[in-house]
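*Asks:* Read off the chains here:
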Amino acid sequence: MDFALNDEQRMLRDTARDLFTRECPIDFVRRAWADPACGVSLWERHLSSWLELAASDLVDVVLFLEQHGRAVAPGPFFASLLAAQLATAAGLEVRGSASVAVAGPDGLWSPHDDAIKQFVASAADVEDILIVGGSSRAPHLARVKRDEVVLTRVEQMDELRPQYRVDTRGVARGEALDPRAWRHAVERALVGCSAELIGVGRWLLDGSVAYAKERVQFDRPIGSFQGLQWMLVDAALDLERAAAAVAYAAMCVDADDPDRHRAVHGAKALAGLAARRCARTGMQVHGGIGYTWEHGLHYWLRRAYAGDAFMGPAAHHHDQLAELLFVGA
Amino acid sequence: MKLEFSAADEAFRSDLIAFIEAHCPRAAYATGDFIGTDISDATGVIAIPEWARAWQAALFDHGWMIPGYPPTCGGRNATPTQTLIHLEELARRGIPRSVHFVGYAIAGPSLLEFGSESQRALAPAAIRGDTVWCAGMSEPGAGSDLAGLSTRALDCGDHFRVDGQKVWTSYAMLASKCLCYVRTDPAAPKHKGISALIIDMDSPGIEVRPLRHVTGQAEFAEVYFDDVRVPRENLVGRLNDGWRITLGALAHERGGLWVEGVAGCQRAIDDIVALVGRSGRSRDPVIRRRVAEFHAEVRGLRALGYKGFASFAQGSSAPEHSFMKLASSELHRQLIEFAMDLQGGALAVTDPAVAESAGRWQSSFYTGLAATIGGGTSEIQRNVIAQRVLGLPRSQ
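Going down the list, the protein sequences come from chains A and B.
Numbering-wise, the first sequence is residues 91 to 419 according to my numbering.
Numbering-wise, the second sequence is residues 194 to 589 according to my numbering.
Here chain A stands alone, though its shape is the one from the complex (with noise of 0.2 Å):
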């Protein structure tokens, strides 16, 4: 097992660290939050080639994805991927901006044959909606362009990436789709999820202990009291530990190891934890000034929470581990 990124990892990093810097700044997530337009546009001019990751190693999808969650980016790149990876997964052409509608109401990508999809994200956004129902054993697939269907917008805490209710009523039944093509796109969206969760928590730390070193309360910086530096070691820890075990789940699903499904499950879960804790501590440590909304933190807060939610929280990632260690039982 060997975690060192090669030239082009390497390389493949560093190009995404570079272009969210130039193109993704935080005036323009500012900006991104009041006005939709921003995000779709990010999406036209620098992400939409970017999608042909969807066909590349699920490593070089985390590598791109942390610096996706570390700017907080908006827009439709991210549901997009996931679409695509489910698309090359079934065999089919990647078009274009697209989203997956199969949540129900507990959130969790666990196709059923109710009409209504909930928790699909950047709907609006997108050409596409991939509309997958059935069951994990019997999935179907239908890929309709997005008025076909109806969006109603669900408020929740991250509206960089709005999440809306789909109804699919009149939509003819999709073409079915081989349950471990479903699998193998579930898993690699939910690594997904987990990377970016994984470059949230990065910008929440980074910034926490950027800020702690500056501060200046009684004398000295507020970064040389010990109860503020064993809240950033315990965060640090966690996002390190996640970030390690995002990265093994990824190795995991490229060499379609026995392990994978327990480390994508694990993966998830501890990301989801991470970048909340790096949320929390992260507030905390700003104090006042990270509660304005003008600072800008409360932004990579709520992708944290909310991307901790998506396609299920820790909690449901812990039980679905559980089912696999306790198998038989």
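Bear in mind the hints are in silico, worked out from the structure with no lab data behind them.
Some hints could be false.
[Unchecked claim] Computed, partial: chain A to chain B, Cβ under 10 Å:
| # | residue |
| --- | --- |
| 1 | A94 |
| 2 | D147 |
| 3 | A214 |
| 4 | V240 |
| 5 | L241 |
| 6 | A335 |
| 7 | G356 |
| 8 | L363 |
| 9 | A412 |
[Unchecked claim] Non-contacting residues of chain A with respect to chain B, defined by C-beta distances greater than 10 Å in every case (computed):
| # | residue |
| --- | --- |
| 10 | E245 |
| 11 | D347 |
| 12 | L415 |
Cβ atoms here follow ideal geometry from the backbone N, Cα and C, with glycine treated the same way.
Guided by the hints, dock chain B onto chain A, whose structure is given.
*Replies:* Relative to the frame of chain A, chain B by itself:
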């Protein structure tokens, strides 16, 4: 990033497994905690069992003791990755290389790195276990603040005269030699007045008093030095340059020191899954969820160890490794307490005849208490990480 090991590394692994299967005594399996040995006399003083001596010598003679070393020092010039495989294959089976770690893990490597030619000649016997060593480090007034040690060595030209006291000195009652840290310049700043001496434990003026610990065993001791004469040629490295030696030991394994901690957590979670199944509570949703959470944490920690190792093997610093001692000792303690809680009202029962797993969880609980203290407390680890990894200012 890739999951698989090279063919050469897998061949190394196969050779090692074949050696273990051919030579490892049954008694060595799952000795478990890697601290000391289960064998002790009525007063709790530990002994080195014969199988442990034979096993350590066999490892040395076949080049499996410290694979990164050359054959003369118990190795086979293995690569860092192979060293990691070696540590993991042994730890996975709960097999210790030695029941007394000071000789092969501290004294031998320190002498090889910092010693004179005649001192380096002592290293093979230390690593093979033929000579039992202790390390004179902690003192009553110098625990976490090790550099505050005050055992004094007076420079008398061709010899030193040592006065003072060491404590928590592992294996002192069994050891024939001590790698001892002493203050040679009381006027210098505390890190700059320390030297390292090799002290023969049968020197006149040394008194060893075994010190029982929480488990009831006496694996460490208090060591008193009363005007002990130490020849000058026993000075290791330069005078007043001893602090460097405390930091320098075991360069070959520095990338893999986390392995045993993670393996202990892995064995604990595997045993917990089995215990939950045996006790008929594997459908309890609260217990299932908690076990899975622990499992994810253990596996994440293992991945973090490997990630740090990748940086280490490439020659960069590995901040990940700073987290490993803190994280694995704290997680292990939580796992043990969880397993005890699963035993309900019997959590404090230690009678081997009736306790769950013959009371092994309860004895692991005691050794787990030592793991978050010895080798740098969890609090010291957090301070070090805050300052060296996160770059936060020193606390005042």
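*Asks:* Hint by hint, say whether it matches the structure.
*Replies:* Status of each hint after checking the structure:
1. The interface hint given for A94(A) is met, as the beta carbon of that residue sits about 4 Å from the closest beta carbon of chain B, less than 10 Å.
2. With a least beta-carbon distance of about 9 Å to chain B, the hint placing D147(A) at the interface is held under the 10 Å criterion.
3. Contact between A214(A) and chain B, as hinted, is not supported at the beta carbon level, the nearest pair being about 35 Å apart and thus beyond 10 Å.
4. Here the hint on V240(A) is broken, as its CB sits about 37 Å from the closest CB of chain B, past 10 Å.
5. Interface hint at L241(A): violated, since its Cβ lies 35 Å from the closest Cβ of chain B, which is beyond the 10 Å cut-off.
6. With a cut of 10 Å, the hint placing A335(A) at the interface with chain B holds, because the nearest CB-to-CB distance is about 4 Å.
7. Satisfaction of the interface hint for G356(A) is found here, the shortest Cβ-Cβ separation to chain B being roughly 4 Å, below the 10 Å cut-off.
8. The criterion of a C-beta within 10 Å of any C-beta in chain B is met by L363(A), whose closest approach is roughly 9 Å, and the hint holds.
9. Taking 10 Å as the C-beta contact cut-off toward chain B, the hint placing A412(A) at the interface holds, the least distance being around 4 Å.
10. With a least beta-carbon separation of about 30 Å from chain B, E245(A) lies farther than 10 Å from that chain, consistent with its non-interface assignment.
11. For D347(A), the non-interface assignment is contradicted: its Cβ lies about 6 Å from the closest Cβ of chain B, within the 10 Å cut-off.
12. For L415(A), the shortest C-beta to C-beta distance to chain B comes to about 6 Å, within the 10 Å cut-off, and the non-interface label is violated.
Against the hints set out earlier in the document, violations occur for numbers 3, 4, 5, 11, 12.
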